[in-house]
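These protein sequence lines are chains A and B, in that order.
Going by my numbering, the first sequence opens with residue 1, and the numbers climb by one from there.
Going by my numbering, the second sequence opens with residue 1, and the numbers climb by one from there.
Keep in mind that a hint or two might mislead.
Claimed, not checked - Only pairs whose alpha carbons sit at most 25 Å apart, straight line, appear in this in silico SDA-like list of lysine to any residue:
#1 B:Lys59 with B:Asn94
#2 A:Lys71 with B:Pro39
#3 A:Lys65 with A:Thr13
#4 B:Lys70 with A:Glu104
#5 A:Lys71 with A:Thr22
#6 B:Lys108 with A:Pro39
#7 B:Lys104 with A:Lys57
#8 B:Lys56 with B:Thr77
#9 A:Lys71 with B:Ser93
#10 A:Lys57 with B:Lys59
#11 B:Lys104 with A:Asn28
#12 B:Lys70 with B:Gln80
#13 A:Lys57 with B:Lys57
#14 B:Lys104 with A:Val60
#15 A:Lys71 with B:Asn94
#16 B:Lys104 with A:Lys65
#17 A:Lys69 with B:Gln96
#18 A:Lys71 with B:Lys57
#19 B:Lys59 with A:Glu104
#20 B:Lys104 with A:Gly40
#21 B:Lys56 with B:Asp71
What the hints assert, rightly or not - Derived list of chain A stretches under chain B, where covered just means 3 residues or more per stretch with a C-beta under 8 Å from a C-beta of chain B:
#22 66-80
#23 107-116
Hints listed in this document are in silico derivations from the structure and should not be mistaken for laboratory results.
Remember, it's a predicted structure, so these values are computed and weren't measured experimentally.
From the three backbone atoms N, C-alpha and C, an ideal C-beta is built for every residue, glycine too.
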Amino acid sequence: EAQVTQNPRYLITVTGKKLTVTCSQNMNHEYMSWYRQDPGLGLRQIYYSMNVEVTDKGDVPEGYKVSRKEKRNFPLILESPSPNQTSLYFCASSLITETGSTYEQYFGPGTRLTVT
Amino acid sequence: TQLLEQSPQFLSIQEGENLTVYCNSSSVFSSLQWYRQEPGEGPVLLVTVVTGGEVKKLKRLTFQFGDARKDSSLHITAAQPGDTGLYLCAGVSNYQLIWGAGTKLIIKP
């Protein structure tokens, strides 16, 4: 089954304790992206990757890191989480067109993170 | 910075009524996608409109892309409780999606 998986689904942590949220897709998609979703603000892109070893900042990258060592995986790293990073996080993947645009985004089920 | 303004933010109506959700921008998009998100899940694509003036229908849902490819609308006819969810529009610009803030739709039986 074609899917994007994220782990964990729920996480409660404390300020400053490093954490990683994993994301994996089995569709051989070039493009992967991380979003956070907050009430009234919609989806805001954190980082995206056009392919292996190619990553770039989205709209809200501060406090986050990513890596793309393999095509299927795109982990999101919070080196020192703070309460303002409490949010619902989504990983997504898609193919890329010949002109560099993205097709339909396939989303993971989300990770609800609470930082106290 | 490209913006995509989505309205209304919240809509609660009775079953059987019609409604329209709008996405407007000053920017031109190569295409525009509409997603629906249900609680506890990620957004799922409903439709992509590509050509200016294009109209696509998905059962009781009608999607239209503006002639200038700067705006789009979603019209639901005879809304059902199963239509309840968060509707998101996203404009495609190069390798990025520009997202609207979403419309939370509640259809009361």
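Consistency of the hints with the structure:
1. B:Lys59 with B:Asn94: Distance of about 30 Å is beyond 25 Å: violated.
2. A:Lys71 with B:Pro39: Violated. Lysine 71 (chain A) to proline 39 (chain B) sits at ~29 Å, over the 25 Å cutoff.
3. A:Lys65 with A:Thr13: Cα-Cα ~17 Å, so holds.
4. B:Lys70 with A:Glu104: holds, 19 Å
5. A:Lys71 with A:Thr22: It holds: about 13 Å lies between the C-alpha atoms, which stays within 25 Å.
6. B:Lys108 with A:Pro39: Between lysine 108 (chain B) and proline 39 (chain A) the Cα gap is close to 22 Å, so the pair holds against 25 Å.
7. B:Lys104 with A:Lys57: Given that 25 Å is the threshold and the Cα spacing comes to 28 Å, the pair is violated.
8. B:Lys56 with B:Thr77: Distance of about 14 Å is within 25 Å: holds.
9. A:Lys71 with B:Ser93: Cα-Cα ~23 Å, so holds.
10. A:Lys57 with B:Lys59: This hinted pair is violated, its Cα atoms lying about 38 Å apart.
11. B:Lys104 with A:Asn28: This hinted pair is violated, its Cα atoms lying about 32 Å apart.
12. B:Lys70 with B:Gln80: violated, 29 Å
13. A:Lys57 with B:Lys57: violated, 35 Å
14. B:Lys104 with A:Val60: holds, 23 Å
15. A:Lys71 with B:Asn94: holds, 21 Å
16. B:Lys104 with A:Lys65: violated, 31 Å
17. A:Lys69 with B:Gln96: holds, 21 Å
18. A:Lys71 with B:Lys57: Roughly 35 Å between the alpha carbons, so the hint for lysine 71 (chain A) and lysine 57 (chain B) is violated.
19. B:Lys59 with A:Glu104: With Cα atoms ~20 Å apart, lysine 59 (chain B) and glutamate 104 (chain A) stay inside 25 Å; holds.
20. B:Lys104 with A:Gly40: holds, 10 Å
21. B:Lys56 with B:Asp71: Holds - the C-alpha atoms of aspartate 71 (chain B) and lysine 56 (chain B) are around 14 Å apart, at most 25 Å.
22. 66-80: It is violated: at least three residues are needed, and the region 66-80 of chain A offers just 0 whose Cβ sits closer than 8 Å to chain B.
23. 107-116: Since 4 is at least three, the answer is holds.
Hint compliance for this structure: hints 1, 2, 7, 10, 11, 12, 13, 16, 18, 22 are broken, all remaining hints hold.
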